[in-house]
Amino acid sequence: MAQEMRIVLRNYGKIDPLKIEDYIGVGGYQSLAKAKGMGQSAVIDEVRKSNLRGRGGAGFNAGMKWGFSYNTPADQKYVVCNADEGEPGTYKDRIIMQNDPHTLLEGMAICGYAIGATKGFIYCRGEYPYVVDVLNTAIDQAKASGVLGDFDIEVRMGAGAYVCGEETALIESIEGHRGEPRFKPPFPGVAGLWGKPTVVNNVETFANVPVILEKGAEWFSSIGAAKYPGTKVFTLTGDVVNKTFFELPTDVTIRDVVFGMGGGVKDGKKLKAVQIGGTSGGFIPESLLDTQVDFDSMSAIGATLGSGAVFVMDEDTDLVDVIDRITKFFEHESCGKCAPCREGTKRMHEIVSKVNKGLATADDIALSERLGKVMTRACLCGLGQAAPAPLLTTLSHFRPEFNAKLG
Amino acid sequence: MADYNEIISAFKNKPGGIIEAFHAIQKEYSYIPEEAVVAAADAFDMSKARAYGVATFYSYLKVGKRGKNVIRICESAPCHVAGADKVVAALEKELGIKMGETTGDGKFTLEFTECVGQCQATPVITINSVPYGDVTAEKVGEILAAYK
Ligand SMILES: Cc1cc2nc3c(=O)[nH]c(=O)nc-3n(C[C@H](O)[C@H](O)[C@H](O)COP(=O)(O)O)c2cc1C
Ligand code: SF4
Ligand code: FES
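First to last, the sequence lines map onto chains A and B. Heads up: the first sequence begins at 1 in my numbering, then just goes up one per residue. Heads up: the second sequence begins at 1001 in my numbering, then just goes up one per residue.
Hints are computed from structural coordinates only; laboratory data are not their basis. One thing to keep in mind: the hints can contain errors.
[Said to hold, decoys possible] Each pair of labels, with its calculated beta carbon distance range: (1) B:1146 with A:183: 29 to 37 Å; (2) A:269 with B:1045: 54 to 62 Å; (3) B:1012 with A:4: 23 to 31 Å; (4) B:1064 with A:218: 52 to 60 Å.
Quantities reported herein were computed from a predicted structural model and do not represent experimental measurements. Think of the CB as a built atom: it goes at the ideal place given N, C-alpha and C, for glycine as much as any other residue.
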């Protein structure tokens, strides 16, 4: 059976997060000192070789991303931590920040040193004012004790827009604008915050960095799945026995997560479906549970690892009703910048609601499928591109549920 | 209560600080007064339309009056399947208002929200951003008592 392995949560419950002495006492900030002794390009090389890939959803090699900013000359560069955590069912970044804020600050400071940035921002969702307090306490202590050197970190709050988790929308929001995604390229690594080279990484990504520097790229890359090494923090929700979080090596299977760590379906019921990666993730039937959870294995079955949210639905779940709710989410969260998403999310919700109310025909379902395919290709950002995934995957794995509701 | 003009001037020199200013105003008033949006436009040197556009883009920010205590109910899928609708019904009954409304005495406003990141304890509500988990219809009265 799968065993927990704690890298990003290594200090969970062992230190007082509000005391920097505790973090320093367990070796904290030594990786930053080590990094400064190695030199900038050696740090980037080490992170690249570890094959640490972004934990925010896109799975991009963190060291490579840092390299883009390092190689772009500029008078100012920025490090931005994406702590927007808006994906329903996800609270892993909160757990990391509440329990070990300094590991995040250290990870960001190492990145700052590596790319040549003296300023960092943590963009923390507005729904977490109590996490903002923890971060500010940690930042004050780190500044007072001088461990960050000339690297400054400031917390900025999001304000309830899911799309601001998308890195260019996030940047717009820090700049004080509506959070509408930018056209890419240019990518933030080259021209991001206020047009300057900017590394945007997720909380969990940064939290891995001090350990990688301490134990080395080789150690890290040998853990879990070869192409997506390390661990992943999972948050389990829905009809599961253990509604909690776990940090597991990336070579465990979905079954290990749901039935091993999760303890299986609640009340002795049978499983109907699992949705992984948050509300934009695909729905997975029982027959695919032996898939490994790493980024590439999940993509191969048309699902995502995403944020690591694991939403378990038992045999009594009305999937059409759940999809109705999810399509409403996307209608609400679409920023409106591009037509395929602005119109598409609205129409998709309209059609699924019609199915849910027993008023739809087979033609409506066919139309929603076509609409979903268009959105996947035509939408400007990941929100609109991923919005149809829950519907399209339930249609491929659970179509009888929809047919049973036709009028 | 701190005047919104004072709050705005504290953030005036922060690049992109208008959203932080709106947060600080909302913390004080529980909403953003319309006139504060105009004052912020002025302070951050942008058109009123733009400042208004920013304030209304974000669902956590509310322009225009609402109750002193803001109760938000998560309706994201995990809370939805855990019975958020029963919590909604209990809150509406207890306060005698519908979702989106404010009680006559101005004490409570009921709103929907998407996930607030406390999904280990679905269904979840927040009151003035403080989360309450595993909420049931029975627990609603007890939770509200502290705010009455
Ligand atoms: C609609 C949307 C929402 C997103 N939300 C988040 C989020 O809440 N947290 C996050 O880290 N990344 C989120 N992302 C991914 C970011 O755009 C970006 O890829 C990520 O912050 C990069 O960090 P990483 O490489 O460390 O994963 C989101 C993307 C999209 C399209
Ligand atoms: S896909 Fe949706 S959220 Fe993304 S830019 Fe277009 S309208 Fe905005
Ligand atoms: S789904 Fe309701 S708090 Fe996360």
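Among all the numbered hints in the text so far, which are the ones the structure does not match? 1 and 3
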